Each structure stands twice: as structure tokens, then as C-alpha cells.
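Undergrad: Sequence:
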Amino acid sequence: MRNSLLLFLFISLGALAQTQYVNVESQILQSKRKIKIQLPRNYAENEDKTYPVILTLDGDYLFEILAGNVDYSSYWEDMPEAIVVGVMHENRRQKDLQYEDVNYYPDEEGALFFEFIGMEVFPYLDENYRTAKFTIALGHDQSANFINYYLMKDNPLFRGFINLSPDFAPPMPDRIADVLSNSKQKIWYYTATGTEDVNSLREDALALDQRLKEIQSEQLLYTFDNFKGANHYSLVERAIPKALESIFSVYRPIDNKEFNEKVITSDLTPYQYLMNKYQTVEDLFGLNQKVRVNDFVAIADAIEKKEAWDDYEDLGKLANQYYPKAMMGSYYKARFYEETGSPKKAMRMYQSAFLLDEIANLDKDTMLDRSEQIKEDFGY
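The sequence shown lines up with residues -17 to -1, 1 to 363 when you count with mature numbering (1 follows the signal peptide of the UniProt record, and there is no 0).
Incorrect hints may have been included.
[Claimed, not checked] In silico DSS-like links for lysine-lysine, alpha-carbon gap of 25 Å or less:
| no. | residue 1 | residue 2 |
| --- | --- | --- |
| 1 | K32 | K15 |
| 2 | K32 | K19 |
| 3 | K245 | K225 |
| 4 | K136 | K32 |
| 5 | K169 | K116 |
| 6 | K240 | K289 |
| 7 | K225 | K240 |
| 8 | K300 | K273 |
| 9 | K19 | K225 |
| 10 | K196 | K273 |
| 11 | K308 | K328 |
| 12 | K289 | K308 |
| 13 | K169 | K136 |
| 14 | K32 | K300 |
| 15 | K169 | K211 |
| 16 | K288 | K169 |
| 17 | K167 | K196 |
| 18 | K196 | K225 |
| 19 | K327 | K245 |
| 20 | K116 | K225 |
| 21 | K19 | K116 |
| 22 | K245 | K300 |
| 23 | K17 | K167 |
| 24 | K245 | K211 |
| 25 | K347 | K358 |
| 26 | K273 | K327 |
| 27 | K78 | K17 |
Because the hints were derived from the structure by calculation, they are not lab data. Since the structure is predicted, the reported quantities are computational estimates derived from the model, not experimental observations.
Using the sequences and the hints, build the whole thing.
TA: Written out as C-alpha cells, the structure is:
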């Protein structure tokens, strides 16, 4: 019985995140190269949905920890669902990541591997999967250095860079600082080291951090972590979730911190803040995200606190657009009528909401109580 239960759990969990092993036939490398691909949950059912791509080099050992974090974070809506890709080096890591000793750019097989990623891996992904335009690269020590060569291109292949204990080529910090200072498009840049990291790598990461902190550019979204007690390898498991959290901070549902520090204090009305938040997600990540129930509730609370009653009318229309069978839209419209001098319309709207599906903190008792209170107050 116990073995059957374990088998059932293994099969069930395996069905949640679909991992594929693919051999890409490379004309550039004149060989087949293995990549791992994790597709989001319910990828097959969401036929019209596209997904950001997060690619890690050193897929031999970084893929599983990255894929697990992406699956977990996207399940709780702290980041969008994403396609995770791990490029395997197997016994070719040093050749794949090598650079020449004069100008310190990818040399020979390293240059071929660089072209393989951009000219063969991504066209393969775009042809076979529903990819969005937003892409992130991740690397560790030498592979962290390598992903920065894509940053040097006029139109970078990646918009996000996750550097874990990077082992930089000599001029790479200067090149990074120069590119990020002058970038015309938004770049998410994350670097991590640890207090027990390899000394030379830690010193380089700390020095680069000081330079990047001085950059005054709205196009750079930069985060740095120096994990106490973490060494060259243990920092990986701490840095990956922090990096994802940093890159997708604007995507997350409105929490207490955002509510108190941004929504309530904003010069925008609550409804305008909500629209701006989701427009930013679409602009930055290319995702047309459905407004979450959590965010409707947060904005309704903000309307109450700021007494921005006119916002309830627009919020009600938006709720009906996304959740037409739920009582949320009718409730918000009723609140608008109630606070703007139309109690009879409010009463009827509460009564109509009674027939719709309960959602979030709204139920039939709430609708009935609101309606009866208006009857009592105005003698209807």
C-alpha cells in the first residue's frame, strides 16, 4: 500500500511540471546538443498563452533548482509561469565557455557556442513552444561571465541577467558598467556572492556592485546580494529565488507592503494605480495578465480608505469583464451608487448580486445585509 501511494505521488507530481529532454541538431557546432525544457503547469490546455523563457547555462546542475523555484513561485503568482531551459555542457564546459586572451571575447569553440544559443536554441524554442519576448539568462562562475557577452550586443538576446558568483574575464566589469550606463532599454541585472565565496570572485562582485550602484538610469533594475555564511555553491540555492523575486517584483499580487507604501500614498487614484500596474506588466514582460481577485480586493480597500468613490464604477466594469459570473462587479457598482447619492439603485444592485457566484470576501449574506440596511435607512 505504501509503495503504491509513493508511486501515485511520484506520477502526480511529475504531471504538474512537464520536463522534456531534447537533442538540438546544431549546424554551427556540427553535433547534437542536449537541452532540458520544463513547461509550465497546464501548458497544453492554455493554447493561447505565451510564456517568458528563462535559460540557464550549466543545465547539468542548475536546471533542476531553477525549474523548481520557477514552478513554486509561479504557482503562488509571485512570478508569471515560464518556460525553463537548461543547456547541457556535459564534458564540453571549458570549451563552450572559453574566451581568447587578447580581447577577452569568446574564442573558437566558445564563439560557436555563443552563436548556437542565439541562432539555434532560441529559434528552436520559438518554433516549437509558445514563447513570449521576455527572456532571462542565468549562469554560475564561468557561465555567469559568459551570459554577459549577450549584454554586449546592440539588441541583447536577454532582458534579464542572473549572475551567481561570476568568474569575470578581466575587462568584463568595465564592459558591464559601460553597457548598463548607456542602455536604451530596460535591463534586469542581478549579481550574488557570499561571505564564504572564493575570495577573488567575491572581491570582483563587490567591486562591480559599487560601480553599478552609482549608475543613474531608469533603464537599469539592479539587485545585489551578499549572503552571510554562503560559499561558492551554497549561495546558488539562496540566490535563485531572490533573483526571481527581484526581477518580477512588479508582477506580484498587491501585498501589505505595496498597499501601504505605494497604493495608499500614490498620487494616482486606486483604480488608476491598478491599471498602471497591469500595463507595466504588459509593457515589461509582454504579458496580457488577467487582473487577480486579490488585487481587486486590495484596490477596493484603497477606495474605501481614500474615499475615492468614483473609482468603484470603473472597478465594477473591470470586475464584470474578468469575472462576469461573480458578484464582485455588481457589488462594486452598488457601492458606487450608495456613496454617490443613488441608494435605490444601490439596493437593486445588491439584490441582483445575490444571484451571482460568491467570490473572495463577498457572499450572499453581505449582499442581503447591505440591501436590508438601505431599506431600513430610506424606508423603501
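Undergrad: Each hint needs a verdict: does it hold in this structure or not?
TA: Results of checking the hints against the structure:
1. A threshold of 25 Å between alpha carbons decides the hint, and for K32 with K15 the separation of about 30 Å lies outside it, so the pair is violated.
2. Between K32 and K19 the alpha-carbon distance is near 21 Å, which keeps this suggested pair within the 25 Å criterion.
3. As the CA atoms of K245 and K225 are separated by approximately 21 Å, the hinted pair is consistent with the 25 Å bound.
4. A C-alpha spacing of about 29 Å is found between K136 and K32, which places the hinted pair above 25 Å, so the restraint is violated.
5. Only pairs whose Cα atoms come within 25 Å are accepted, and K169 paired with K116 is accepted, the gap being roughly 13 Å.
6. A threshold of 25 Å between alpha carbons decides the hint, and for K240 with K289 the separation of about 17 Å falls inside it, so the pair holds.
7. For the hint linking K225 to K240, the alpha-carbon distance of about 17 Å falls within 25 Å, and the restraint holds.
8. Restraint check for K300 and K273: satisfied, since their Cα atoms lie roughly 14 Å apart, inside the 25 Å limit.
9. Using a Cα cut-off of 25 Å, the hinted pair K19 and K225 holds, with the two alpha carbons roughly 23 Å apart.
10. Of the supplied pair hints, the one linking K196 and K273 is violated, its CA atoms being roughly 34 Å apart against a limit of 25 Å.
11. For the proposed pair K308 and K328, the alpha carbon gap of about 20 Å is at most 25 Å, so the pair holds.
12. As the CA atoms of K289 and K308 are separated by approximately 28 Å, the hinted pair breaks the 25 Å bound.
13. Restraint check: the Cα-Cα separation between K169 and K136 comes to about 14 Å, which is no more than 25 Å; the hinted pair holds.
14. For the hint pairing K32 with K300, the CA-to-CA distance comes to about 24 Å; that is within 25 Å, so the pair holds.
15. Between K169 and K211 the alpha-carbon distance is near 30 Å, which puts this suggested pair outside the 25 Å criterion.
16. Under the criterion of a C-alpha separation no larger than 25 Å, the hint pairing K288 with K169 is inconsistent with the structure, at around 34 Å.
17. Taking the CA atoms of K167 and K196, the gap is about 18 Å. The hint holds against a cut of 25 Å.
18. For the hint pairing K196 with K225, the CA-to-CA distance comes to about 18 Å; that is within 25 Å, so the pair holds.
19. Of the pairs offered as hints, the one joining K327 and K245 is violated, with about 35 Å between alpha carbons and a cut-off of 25 Å exceeded.
20. The suggested pairing of K116 with K225 holds, with an alpha-carbon distance near 22 Å, which does not exceed 25 Å.
21. With a CA separation close to 20 Å, the supplied pair K19 and K116 stays within the 25 Å bound.
22. With a CA separation close to 24 Å, the supplied pair K245 and K300 stays within the 25 Å bound.
23. At most 25 Å may separate the alpha-carbon atoms for a hinted pair to count; K17 and K167 exceed this at roughly 34 Å.
24. Between K245 and K211, the direct Cα distance comes to roughly 30 Å. Violation of the 25 Å bound is thereby established for this hinted pair.
25. A distance of roughly 17 Å separates the Cα atoms of K347 and K358; the hinted pair therefore holds under the 25 Å criterion.
26. As the CA atoms of K273 and K327 are separated by approximately 32 Å, the hinted pair breaks the 25 Å bound.
27. A threshold of 25 Å between alpha carbons decides the hint, and for K78 with K17 the separation of about 16 Å falls inside it, so the pair holds.
Checked against the numbered hints given earlier, this structure breaks hints 1, 4, 10, 12, 15, 16, 19, 23, 24, 26; the rest are met.
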